[in-house]
Amino acid sequence: MGIEVKRAGVRRAQCSCSMPAVWWALSYARGALVIFHSPRSCAHVVREKDVGTFHRMVGAETYAPPSPVPLLTSGIGENDAVFGAVERLRACVRYAAEKYHPRAVFIGGSCVSGIIGDDTRAAAEGMEAELGLPIIAIPTGGFLDDVSFDGYLSVGRVLVERFMQQPKETRRGTVVFLGDCGGLYSAYVQELKRLLEGIGLHLAGQFPTYMPLDEMQAVPEAELLVVLGSAMSDEKQEMLISFAQEIHARFGTPYFADAFAGGAEETAHWLRAIAACCGRTAAAEKVIEREKKAFDRVLVRAREMLNGRRTVLVVGRELHWLQPEILLRLIEKAGVHLAGIILLDLFTAEQRTGVEDGLHQCTDAPILDADDPTSEELLHAVDFAFTTHELVDVQLRQILLGKLPTVGWAMERQLIEDMEHVLYRHIERGGLIYG
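Taking this note's numbering, the leading residue of the sequence shown gets 30, the next gets one more, and so forth.
All the pointers check out, no bait thrown in.
Here are the simulated DSS-like cross-link-like pairs (lysine-lysine), alpha carbons at most 25 Å apart as the crow flies:
1. K222 x K315
2. K322 x K222
3. K222 x K321
4. K322 x K362
5. K362 x K321
6. K315 x K362
7. K222 x K265
For each label pair, taking beta carbons as the anchor points, the in silico distance ranges come out as:
8. I144 x R201: 48 to 58 Å
9. G146 x H73: 23 to 33 Å
10. D401 x D263: 22 to 32 Å
11. R201 x R326: 33 to 43 Å
12. Q443 x V421: 21 to 31 Å
It should be emphasised that the hints constitute simulated quantities derived from the structure, not laboratory data. Cβ atoms here follow ideal geometry from the backbone N, Cα and C, with glycine treated the same way.
With the hints as constraints, model all of the structure from the sequences given.
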């Protein structure tokens with residue numbers, strides 16, 4: 030019958046709207062107000078995405094942000110196709126300024142406004158002159174743009190242009206994160222913040238989403254701009270690094286993007302490299318030693334239960350999301366034997382080849398197809414399974430691997446605890462733990 034999964038899909042082509050990325054970049058920038066020059070449904074879709082994010086953060090007990098900034102839409106309708114909807118946009122801007130009194134208004138263009146030929150930039154400039162308030166058109170066009178991330182970076186460039194000046198001095202001991210990785214209140218970012226505070230570096234903000242408009246000057250004044258991410262080969266990561274280079278060229282602010290935090294070893298390297306940039310090498314070694322000792326205590330206790338256990342890794346996602354080398358290294362530390370790897374039928378031929386090659390570089394464990402009869406037998410023979418997708422079989426003990434794990438020793442401690450906890454489940458009842 031083969032291995033069945035829940036809520037799975039195969040991405041065969043890039044097709045994404047840049048408007049959610051505009052909202053993503055401004056949603057917690059206090060003082061901002063966002064207008065989508067679009068049909069009402071565009072704003073509705075973005076708000077629905079926010080609901081999913083909210084519940085995910087509540088479930089992880091990391092929800093702490095304030096309310097998002099206002100999001101309005103000009104409400105383009107079918108009758109605007111001939112004569113345009115610029116007057117609708119102007120009316121929406123006036124309403125926003127009168128009701129919300131924002132520090133600035135940001136207008137995101139949609140594919141609809143682009144197709145009917147509305148000059149959003151000219152309308153924004155006219156309204157800025159009328160209201161005496163920054164009214165800024167973000168150069169986006171919804172599905173007309175190449176990739177969604179263009180909207181995110183376009184907002185960042187506008188904020189640099191309009192809300193930052195040449196720094197008069199450097200604020201020593203401060204860093205600014207560039208990028209998202211789950212947001213300021215995610216376990217990932219909070220753990221990096223904690224580690225940096227251990228070497229005397231204070232997080233002044235996370236640009237662009239989580240910085241109020243009146244605090245944007247902290248970016249050029251920071252001692253170091255730290256680019257967040259997970260892999261140098263990722264296309265979005267390369268775009269983010271290029272943006273950091275633009276900020277450096279404009280203000281002279283040093284940036285760090287030579288390494289990214291992941292598992293314990295990657296995070297130790299990341300922390301040492303940042304400490305070297307800021308002259309805090311000795312402090313970094315103390316923090317690393319402290320974290321290693323705390324993790325070793327957890328590992329000694331966990332090996333009493335985990336040593337000799339067997340597991341299987343079920344993969345349905347490309348490796349830059351999974352980072353298997355971190356997980357496989359941790360499995361070995363815990364004394365758990367990797368009995369095999371099962372590839373789900375969720376890849377294109379090209380993706381599958383890349384995944385297989387990457388896994389062969391990490392391990393000698395056998396790699397099986399999901400439709401191979403021995404795959405299902407293997408799943409039921411091991412003590413538990415790590416999987417990128419929830420499996421339908423309820424009699425399996427599963428640890429579901431998220432796309433954005435926590436980082437460093439905290440991540441590895443969490444996965445150790447997940448392995449311990451899933452073993453308490455009766456094998457006849459299975460069980461699912463979110464890793």
